[in-house]
Amino acid sequence: YKAGLSHYMKLFSFYSKMPVEKKALEMVEKCLDKYFQHLCNDLEAFSAHAGRKTVKLEDLELLLRRQGLVTDHVSLHVLVERHLPLEYRQLLIPCAFSGNSVSPAQ
Amino acid sequence: MAVSTVVSKRIKRKAPRAFLRRTFKQKKPHLRLETACDLLIHLNCLLFVHRLAEESRTNACENKSRVIKKDHVLTAAKVILKKSRG
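Here the protein sequences line up with chains U and L, keeping their order.
So the first sequence is residues 1 to 106, counted in the numbering used here.
So the second sequence is residues 1 to 86, counted in the numbering used here.
Next up, chain U with everything else stripped away, as it sits in the complex (with noise of 0.2 Å):
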């Protein structure tokens, strides 16, 4: 599990462009365990008001439209964009290929 958060602990150290401290480090690695909590328990409220027992990407849209992330001027596929390598956005943006299929099916 902690070898998971290093991960983004490393994008941390180099989103702040700054030397960070080692105990500054392990303050947010603390952080990121708080958020994964706050973040499963959100998703869970949300399925569960839909009546639903799987977690849909409209759940993860509507979390990110209440943490202020997507708005009426940035939206999800503008953020998608901006910060996911190509072979992810073409999992999550509809995309038209070849043979008149849309890829993902809506």
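Keep in mind that the hints were calculated from the coordinates and are not lab data.
Since this is a predicted model, take the numbers as computed values, not measurements.
Please note that the accuracy of each hint is not assured.
Sample of chain L residues at the chain U side, in silico, Cβ under 8 Å [to be verified]:
| no. | residue |
| --- | --- |
| 1 | F24 |
| 2 | N44 |
| 3 | H50 |
| 4 | V73 |
| 5 | G86 |
Cβ-Cβ distance ranges computed for the label pairs, FRET-style [unchecked claim]:
| no. | chain 1 | residue 1 | chain 2 | residue 2 | range |
| --- | --- | --- | --- | --- | --- |
| 6 | U | A105 | L | T58 | 41 to 47 Å |
| 7 | L | N63 | U | A105 | 47 to 53 Å |
| 8 | L | K82 | U | I93 | 29 to 35 Å |
| 9 | U | S103 | L | K64 | 49 to 55 Å |
To give an idea of the chain U side of the interface with chain L (calculated C-beta under 7 Å), a few residues [unchecked claim]:
| no. | residue |
| --- | --- |
| 10 | G4 |
| 11 | K23 |
| 12 | C40 |
| 13 | E44 |
Even for Gly, the Cβ is constructed at its ideal location relative to N, Cα and C.
Based on these hints, arrange chain L on the given structure of chain U.
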């Protein structure tokens, strides 16, 4: 003062999808995740880390400190965790 000065020029853009699924399963064993949902969770985490980093950087700049210290992260975390409630 222990400072990790390693600012890696190249970082992995790949999402740790298996890790995200595993942690979600650990926390909520009775829920299922749809196919591409873990990617959006990754995006969410990415933006959270981004905001946290920016906030703690401004905190450090206000205190005229060249390195990010524990207190800067702590004050930033209070703000950002509050902002990222669902």
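Checklist entry - Is it true that L:N63 and U:A105 lie within 47 to 53 Å of each other by Cβ? => result holds (52 Å)
Checklist entry - Taking 7 Å as the limit, does the beta-carbon of U:E44 come near enough to a beta-carbon in chain L? => result With a closest approach of 6 Å, the U:E44 hint holds.
Next on the checklist: Please check whether L:F24 passes as an interface residue: C-beta within 8 Å of a C-beta belonging to chain U.
Outcome noted: With Cβ-Cβ at 6 Å, under 8 Å, it holds.
Checklist entry - Should the interface hint for L:N44 be scored as holding, given a Cβ-Cβ cut-off of 8 Å against chain U? => result holds (6 Å)
Next on the checklist: Hint L:H50 vs chain U: min CB-CB distance below 8 Å?
Outcome noted: The hint holds - L:H50 has a Cβ within 8 Å of chain U, the shortest such distance being about 5 Å.
Item to check | Closest C-beta approach of U:K23 to chain L relative to 7 Å, hint status | outcome: holds (4 Å)
Item to check | Evaluation of the interface hint that places L:V73 against chain U, nearest CB under 8 Å | outcome: holds (4 Å)
Next on the checklist: Just to be sure I understand the hint, the distance between the Cβ atoms of U:S103 and L:K64 should be within 49 to 55 Å; is that true here?
Outcome noted: holds (51 Å)
Item to check | Beta-carbon spacing of L:K82 to U:I93 - inside the hinted bounds 29 to 35 Å or not | outcome: holds (31 Å)
Item to check | Distance restraint hint 41 to 47 Å, applied to the beta-carbon atoms of U:A105 and L:T58 | outcome: Once the Cβ atoms are compared, 43 Å apart, the range 41 to 47 Å for L:T58 and U:A105 holds.
Checklist entry - Hint check: is the beta carbon of U:G4 less than 7 Å from a beta carbon of chain L? => result At 3 Å from the nearest chain L Cβ, U:G4 passes the 7 Å test, so the hint holds.
Item to check | Hint status (Cβ of U:C40 to nearest Cβ of chain L, threshold 7 Å) | outcome: Interface hint status for U:C40: holds (4 Å vs cutoff 7 Å).
Violation of the numbered hints given earlier is absent; every hint is satisfied by the structure.
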